[in-house]
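Chain by chain, the residues:
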Amino acid sequence: MERTLEEDAVAAEAALVARIGTGDRQALRELYGRYAPPLFSLAVRLVGDGGEAEELLQDAFVKIWRHAGRYDPRKSRPFTWAVTILRRGCIDALRRRRRHPAAAAWPEEEPAAPTADAAEAAAAGEDHDRLRRALASLPADARRALELALFSGLTQTEIAARLRQPLGTVKSWIRRGLLGLRTTLTDPTA
Amino acid sequence: MNPNREESACQYVLDQLEPAERAAFERQLLADPALAVLVHDLESALARGVGALPRRTPPAGLLDRIEGRLGTARPPGALGRVIARWGIAAAILLAVGLAGVWKGRGPAATGPYVLFAGLDPRQSTLARVPVAEAAPGPDARFVQLASLAQAYWDRPGEQPVKEGGAPGQGYAVFDPGTNQGFIAVRRIGAAPEGKRYHLWVIDTVSGRAREAGALPAAGDGGGLFFFSVAPNPGAKAEQLNFSVTAEDAAAVALAAPKGRVVLGATIF
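Chains as they are written, first to last, in the numbering used here: chain A, 1 to 190; chain B, 191 to 458.
Chain B with its partners taken away, still in its complex shape (with noise of 0.2 Å):
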């Protein structure tokens, strides 16, 4: 590789850059797959590093006094959540690879699955996917869908159902055990102006919809994106469903969807 770019990955792990060349290195990076295997090959020596560092044990009770000044709010933004952005995961695949995550297509007789709705802008089609295992823990999970949701994401076609041909296509990949996803919206535009998208998994049956979090302002939107709701004990995974619905920006905490839904479900 090239010197240069070299002595730029270790300025960048070492945080030596300026912003604006980090901010343009970034962009290299992202572009860049041989850049990025080697900023994680120095990433793992710094780790190490670190990790052989003479041992401190930080005292009890610090964490105690982290939550404490943590409060009750959740972390980003005054406007409620955003939902995390992953982009395309490409560093969790990187870690991750494919193999072995889910079986296939076609409906789930018994074992473990989540949830894939494809997302148009009329409606929403479910289909389940079993998976290989049932992964242990939420991390494992979260690997889980993090790669399927990429795998859907990078091969369409092998997709459970079709996305909808119209622009503002999409999918979620939902796993009804820990509640939590990925979804995935492609080409859906700017939000109006003084309006967000948000997200909301609803229980067909009951109506009752949970909100998984806005979608970030920035851009036009696209990405795939990382959300989680909170646990709705009587709901059927089933009987579950996704909507984006266009709500007020300026709306601090949102109980129900209000908006127009441009994405997935009607909601009634």
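Pulled out of the complex, with its shape left as it was, chain A reads as follows (with noise of 0.2 Å):
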């Protein structure tokens, strides 16, 4: 089996995260280099305020260090694991203020903040050009109810009175929208 450069990072990813099980400090700190930025970007989009997404950022990484040794890599990607340890605490933290989420939707022309390395701006503005046009691709429902399933902190049943359709309508909806992310963002010649 040929491993791609996505699997070596996923494998690498889920080594950090079996050191901090055992309560190795030099993981947590190679882990946060790789998932502060994304995460504190999501938490900016979710709850809107730099403090605040500071505050839930920081709660984030303290549950990963104190759950990182029940964390099973045959669940979740170690990602997707502190994607939602993250989102549920924005969620928590919006729904004690009777708050709704900063933007429940993609960007659709904000572009990647300029960093420092050429290629990996290069990278960042290929991700963000794929994903605008994985997203154009999705019929407009799709893309409405798979946004709010990611961004609201809403339930289906939520989003189902939120667009004033039948819930299996939204279930059908979302299914649709992250089925056609996946064929548009991991088809290589898409």
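If you're looking for bench data, these hints aren't it; they were derived computationally from the structure. Even for Gly, the Cβ is constructed at its ideal location relative to N, Cα and C. Keep in mind that the hints are not guaranteed to be accurate.
What the hints assert, rightly or not - Sample of chain B residues facing chain A (criterion: CB under 8 Å; computed from the structure):
{"#": "1", "residue": "V203"}
{"#": "2", "residue": "D205"}
{"#": "3", "residue": "L220"}
{"#": "4", "residue": "D222"}
{"#": "5", "residue": "V240"}
{"#": "6", "residue": "A242"}
{"#": "7", "residue": "R246"}
{"#": "8", "residue": "P248"}
Take the two lone chains, each set in its own frame, and fit them into one complex as the hints suggest.
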């Protein structure tokens, strides 16, 4: 079986989580270096406020430290596991304050922030372009349902109420949205 | 694939399942490789979607603040750390494959190697396993070890020394360079009431034992577990050995084994 760079990264990140589970602080620092920027970006997207996003990112990494020993690589990739921890914290915070998420959608044209590394900047730009194409290829209903599922913190039942659609229809839209995204984002020829 | 299973997979990845539904889905996930591949792909798409958000850089000093909140405690549990359960590390293997990880059986004359210890209730038997190359860095070493430990679990016939025939058999794979390894335990049985199983890495010359942690208390104690120990610069790899002992569950910090050996080398 041939390994890809992405698979190498997943395995390395699983190794970091395993080491964190044994109390290895250096591993936590390394995982922070990899995950903090995308997680912080997601937190800002969800709660809007940079200060609150900082607090929520801190909380997420403390939970990662505490729960790493129970992480099971058979059930999820390390990044998905970390995203779930962060999102739950953000959603709890929003609900406590009875607030709505800052922006329950992917940005249309907003470019990634500049980075000192040209290769990284190019890769980020390419990812953004690919995501934009992927989103554009989705039916509008599927895109909206997927964005609400990811960014709003609403349950599927709440999304159905928001969109005034039957729950089954919303579930189907979310499925079509994520599967469509998978097809476009994971196919190198797309 | 059945649209209902696809729907559940999407909801799982987006964390939209209720706790009971999530637990049921995870049971399916562990038993169905095709479902695991779909979830893997969906997670990849989700990661790319999150990665394409406008990048915000966390403020400098945030990591220091996080570390400040951790204190000096090790992560899990008040009773000392628990060795990380890796079950059967299928996710690692999906990513890694097995080719080229190790050279095969037999003693290593020179070059990089890891230790293999066949464990039974009365003794352990050590062997060196030459590895194809010294993996750069602890992460790569971890992957190498996970692959090797998994392969020996799946194909016991390829182990360099045989596990004991009696119940309670197992093995350890250990990298003396990074002081991390995996222990596989089969049919050890639940720990007696008030006891927990602890793993030790022993320097047979000095008698010093380094605690690697406690096996998770739930279940029958079987499975494949990752562990690491503090460095012991004075110990040579060829004088190391491994033991699992039953210790008082209430013990907080164990400096040395006191309980009965249930697997591996006798401690003296």
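Each hint tested on the structure:
1. V203: 7 Å, holds
2. D205: 5 Å, holds
3. L220: This interface hint holds because 6 Å falls under the 8 Å limit.
4. D222: Violated, about 11 Å.
5. V240: 5 Å, holds
6. A242: 4 Å, holds
7. R246: Given a least distance of 5 Å, the restraint on B:R246 holds.
8. P248: At 4 Å from the nearest chain A Cβ, B:P248 passes the 8 Å test, so the hint holds.
The earlier numbered hint that this structure contradicts is number 4, and it is the only one.
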